[in-house]
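Starting from the known structure of chain A, arrange chain B on it as the hints suggest.
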Amino acid sequence: MPDIPAETVLRTTPLTEAHLALGARMVPFAGYTMPVQYAGEQGGVLREHLWTREHAGAFDVSHMGQARLTGPDVLAAFEALTPGDFQGLEPGRQKYSLLLNRQGGIVDDLMAGRPDDEGLFLVVNGACKDNDFRVMGEALAGRAAIERLEDRALIALQGPKAAAVLARHAPQAAAMVFMDIRGIEAFGTEAIVSRSGYTGEDGYELSVPAEAAVHVWNTLMADERVRPVGLGARDSLRLEAGLPLYGHDLDETVSPVEAGLAFAVSKPRRRRADFPGAERILGEFAHGCARFRVGLKVLEGAPAREGAEVADEAGRPIGVVTSGGFSPSLRQGIALAFVPPLFTDPGTRLKVVVRGKPQAAEVAPLPFVPHRYVRTL
Amino acid sequence: MRFTKDHEWVELEGEVAVIGITAYAAEQLGDVVFVETPEVGKAVKAGDNLAVVESVKAASDVYAPVAGEVVEANEALADAPETVNAAPEAAGWFAKLRLANPADLEALMDRPAYEAYLQTL
Numbered sequence: 059m060p061d062i063p064a065e066t067v068l069r070t071t072p073l074t075e076a077h078l079a080l081g082a083r084m085v086p087f088a089g090y091t092m093p094v095q096y097a098g099e100q101g102g103v104l105r106e107h108l109w110t111r112e113h114a115g116a117f118d119v120s121h122m123g124q125a126r127l128t129g130p131d132v133l134a135a136f137e138a139l140t141p142g143d144f145q146g147l148e149p150g151r152q153k154y155s156l157l158l159n160r161q162g163g164i165v166d167d168l169m170a171g172r173p174d175d176e177g178l179f180l181v182v183n184g185a186c187k188d189n190d191f192r193v194m195g196e197a198l199a200g201r202a203a204i205e206r207l208e209d210r211a212l213i214a215l216q217g218p219k220a221a222a223v224l225a226r227h228a229p230q231a232a233a234m235v236f237m238d239i240r241g242i243e244a245f246g247t248e249a250i251v252s253r254s255g256y257t258g259e260d261g262y263e264l265s266v267p268a269e270a271a272v273h274v275w276n277t278l279m280a281d282e283r284v285r286p287v288g289l290g291a292r293d294s295l296r297l298e299a300g301l302p303l304y305g306h307d308l309d310e311t312v313s314p315v316e317a318g319l320a321f322a323v324s325k326p327r328r329r330r331a332d333f334p335g336a337e338r339i340l341g342e343f344a345h346g347c348a349r350f351r352v353g354l355k356v357l358e359g360a361p362a363r364e365g366a367e368v369a370d371e372a373g374r375p376i377g378v379v380t381s382g383g384f385s386p387s388l389r390q391g392i393a394l395a396f397v398p399p400l401f402t403d404p405g406t407r408l409k410v411v412v413r414g415k416p417q418a419a420e421v422a423p424l425p426f427v428p429h430r431y432v433r434t435l
Numbered sequence: 052m053r054f055t056k057d058h059e060w061v062e063l064e065g066e067v068a069v070i071g072i073t074a075y076a077a078e079q080l081g082d083v084v085f086v087e088t089p090e091v092g093k094a095v096k097a098g099d100n101l102a103v104v105e106s107v108k109a110a111s112d113v114y115a116p117v118a119g120e121v122v123e124a125n126e127a128l129a130d131a132p133e134t135v136n137a138a139p140e141a142a143g144w145f146a147k148l149r150l151a152n153p154a155d156l157e158a159l160m161d162r163p164a165y166e167a168y169l170q171t172l
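Top to bottom, those sequences are chains A and B. All residue numbers for the first sequence refer to our numbering, where the first residue is 59 and numbers rise by one. All residue numbers for the second sequence refer to our numbering, where the first residue is 52 and numbers rise by one.
Because the hints were derived from the structure by calculation, they are not lab data. None of these values were measured; they are calculated from a predicted model. Where hints are given, some of them may not hold.
No farther apart than 30 Å at their CA atoms in a straight line, the calculated lysine-lysine pairs in the DSS-like style are these [said to hold, decoys possible]:
# : chain 1 : residue 1 : chain 2 : residue 2
1 : A       : Lys-415   : B       : Lys-96
2 : B       : Lys-96    : B       : Lys-147
3 : A       : Lys-415   : B       : Lys-93
4 : B       : Lys-56    : B       : Lys-147
5 : B       : Lys-56    : B       : Lys-93
6 : B       : Lys-56    : B       : Lys-96
7 : A       : Lys-415   : B       : Lys-147
8 : B       : Lys-93    : B       : Lys-147
9 : A       : Lys-355   : A       : Lys-415
Chain B with its partners taken away, still in its complex shape:
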């Protein structure tokens, strides 16, 4: 699993990257009550809006950590947005991307680097 400074995670499953937000981000957001996932087929560049996650208080953007094309969105979040809090780095994933350039992942942090980054916040 790789991580961004915006607290997204990416995990490669073959040629497809699964994307979600980290446990730290889910904790900071508080109770998630709504998730807007992207449409399948949408092409995104790194840093583009990929999804929106809403707590009772506020809406927050989730950015694409790397460029690619959306091949699947986690439709289960529509009825169970609380999954993002319960299992942020597993069942609470947002979307799967076919990567434009798999080597992009290497620019992201690994877990020790992300954990070290969290210590600086």
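The following block holds chain A by itself, in its conformation from the complex:
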């Protein structure tokens, strides 16, 4: 049989029409048509980025995969696929974690939380979701049931004004701190709300029924503190926050240690050595690894983007940029790159090669822009 062409029809979210009404420029992303930036005097990646840092930005991230995992044994069963500590996860809390393969490589990074007593609520990357849920389905068969929540939208509200904005529409959200997650009423509908995000700012992610999404979105748009923010600024915001992006900074060959995500490998799991790829990952804790994810500030010339070579001061190739661009907050090029451990100290001078030209760069501590998570009330 001839190959069937890949699906060429882009999927929409419950908010696609709302984006078009706002003059969004739409691009294909993870199989969906998604807004990369919005039109008008308030739109554009730079302005949307800076507005989020100073006020509040609303993001449609409904392309991401949402699911419920249930079953009497669900916490232990899910935990076994990750290096995290889920058996000890209290209701009302969520964790950042990693789906690992047997070699300790990262299949995806995700959020898993307990909004209530009904097992786990997961949010995974849009481009990975079909594979993730297939892998989980096989691994959890007989121990936990996966219900994909295709009928829910996901809206992120991020920035220093996010909490004040949301308090008007979801009073219970004000009592939450960073990485809390709860099933609450918001905007007059049932919602799963977490105080988390992908920008480094305080903020929330709201999972709401698809039929309520336009009402939630339009209510946010009616607040002068809130502007819509597209995928362009979402990427520059997460880059400044030093947060890796799956498929760019993370893939199935990269380990949590190499990726600078050792915090996701819990202490009890290290002692028990019972997670996928434990041999490799514990070996890297004990003996170091060949490459490590660092931040780079580009000190001259053009921004260094994904694929740019990293060289030492003598010009010898030592690594590669996995994501990079212009930082609207710092007004210079910033990048995430993998380099050998010898070159990971902040301040180490390196070169990035852009269009054949070596340009000065230096290793910078991550995040580039400080996180402003609300950890206590």
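Relative to the frame of chain A, chain B by itself:
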């Protein structure tokens, strides 16, 4: 002013052609954050890379609309790349070329033709 399908413009000042990108191209790129202009003395053929313009998201090549030798680059863009958005068809010019063959310009679109071309996009 003459135009290409790649959204560059060319304006003749005596024997020298000033080159930039059109308002349409600047709008499509979004906020310009970096411009790499060519070195003076560089010889280019029509279609060669002349400059690179970068937005927050991506880098885009600017092609030489006609053959010639670079006699001046707009150094002001190094400190003020946003000029490309503010005045793409004036102060946001990229380079000046001494044309190898001034008659080459006649092959390019005039403004009505370019505007008509934009309608087809």
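Does A/Lys-415 pair with B/Lys-147 here, judged by a C-alpha cut-off of 30 Å? Answer holds: A/Lys-415 to B/Lys-147 is near 23 Å, not above 30 Å.
Straight-line alpha-carbon gap B/Lys-56 to B/Lys-93, limit 30 Å: It holds: about 23 Å lies between the C-alpha atoms, which stays within 30 Å.
Are the Cα positions of A/Lys-355 and A/Lys-415 separated by 30 Å at most? holds, 16 Å
Next pair to validate is A/Lys-415 with B/Lys-96; report whether the Cα-Cα distance is within 30 Å. Roughly 22 Å separates the two Cα atoms, so the pair holds.
Proposed proximity, B/Lys-147 with B/Lys-56 (alpha carbon, max 30 Å): Roughly 19 Å between the alpha carbons, so the hint for B/Lys-56 and B/Lys-147 holds.
Between A/Lys-415 and B/Lys-93, is the straight-line Cα distance small enough, at 30 Å or below? holds, 16 Å
Run the distance test for B/Lys-96 versus B/Lys-147: straight-line Cα separation, threshold 30 Å. holds, 14 Å
Pairwise hint evaluation, B/Lys-96 against B/Lys-56, where the allowed Cα distance is 30 Å at most: holds, 16 Å
Do the alpha carbons of B/Lys-93 and B/Lys-147 lie within 30 Å of each other, as the hint requires? Since the Cα atoms of B/Lys-93 and B/Lys-147 sit roughly 11 Å apart, the hinted pair holds (cutoff 30 Å).
Checked against the numbered hints above, the structure breaks none of them.
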